[in-house]
Amino acid sequence: MTRFAGRFFREGFRPRYELAELLYQCYVIGYQSLPLVGITGFIMGIVLTLQSRPTMAQFGAESWIPTMVGLTIIREMGPIITALIFAGKIGSSIGAELGSMRVTEQIDAMEVSGTNPFKYLVVTRVLATTLMLPVLTLLADAIALYASYLGINLKGVTTIALFVNNILSRLTFGDVLPAVIKTFFFGFAIGIIGCYKGYYSEKGTEGVGQAANSAVVVSSLVIFILDLLAVQVTGMLGLN
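Numbering (the working numbering), first residue to last: 1 to 240.
No wet-lab data here; the hints were simulated from the structure.
Each residue gets a CB set at the ideal place from its N, CA and C atoms; glycine is no exception.
Any given hint could be a false lead.
In silico DSS-like links for lysine-lysine, alpha-carbon gap of 25 Å or less [said to hold, decoys possible]: (1) Lys203 with Lys119; (2) Lys89 with Lys203; (3) Lys119 with Lys155.
The following label-pair restraints were derived from C-beta to C-beta distances [to be verified]: (4) Val164 with Phe59: 22 to 32 Å; (5) Pro54 with Glu202: 24 to 34 Å; (6) Tyr200 with Pro15: 38 to 48 Å; (7) Ala161 with Tyr17: 40 to 50 Å; (8) Phe13 with Lys203: 24 to 34 Å.
Whenever a hint applies, use it, and build me the whole structure from the sequences.
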């Protein structure tokens, strides 16, 4: 898989560039994943708010709910939950798609016809996952925070201006930057793993299912490992 990633960096930025296919993959991977990511973000925001209210009320700290929920979503919950949903939907899709193309010998046919299947199939999908996951994470964060605002108003009254001000007053550059940067690594890992599992899928329909399944499992595990490394790095840099 490391050699596979190395091949991506060797071939991915050399002409010929498959811009049309890249834009199509961004549409499929990014735009078509928005409904699922949006629903997940909404539920995450409102559940986190409703679950934290009783505990915060015991300490007379209900006014801190927007700050706590905002920091939790932006720093950790938003990137991780969105990446896991993304891995489940896109990682399995890429693994199954490329796996079926390998089984039906479409990739071999592209090689014979003179087309570089690695650039057309792998590079475009990895770039699309790397670029689209940060965008989806920011949208999921925004939707989750709006859901949190609605959750607060279910049992209380607050204005949107006060809600936003409570979050921004405690939000720092060190909270936002690491959370955004690590989503690029999450997206890259999901794309590379999904493409690798599908590109080298075993023959037969069983191999396609195994490629899709292992792409999700390995991607989810790598996401948690990368998140652990990100926490250690930001701690060393004093951004935590």
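Structure-based check of all given hints:
no.: 1; hint: Lys203 with Lys119; in the structure: holds, 22 Å
no.: 2; hint: Lys89 with Lys203; in the structure: holds, 23 Å
no.: 3; hint: Lys119 with Lys155; in the structure: violated, 54 Å
no.: 4; hint: Val164 with Phe59: 22 to 32 Å; in the structure: holds, 23 Å
no.: 5; hint: Pro54 with Glu202: 24 to 34 Å; in the structure: violated, 51 Å
no.: 6; hint: Tyr200 with Pro15: 38 to 48 Å; in the structure: violated, 26 Å
no.: 7; hint: Ala161 with Tyr17: 40 to 50 Å; in the structure: holds, 45 Å
no.: 8; hint: Phe13 with Lys203: 24 to 34 Å; in the structure: holds, 32 Å
In this structure, the hints that do not hold are numbers 3, 5 and 6, in rising order.
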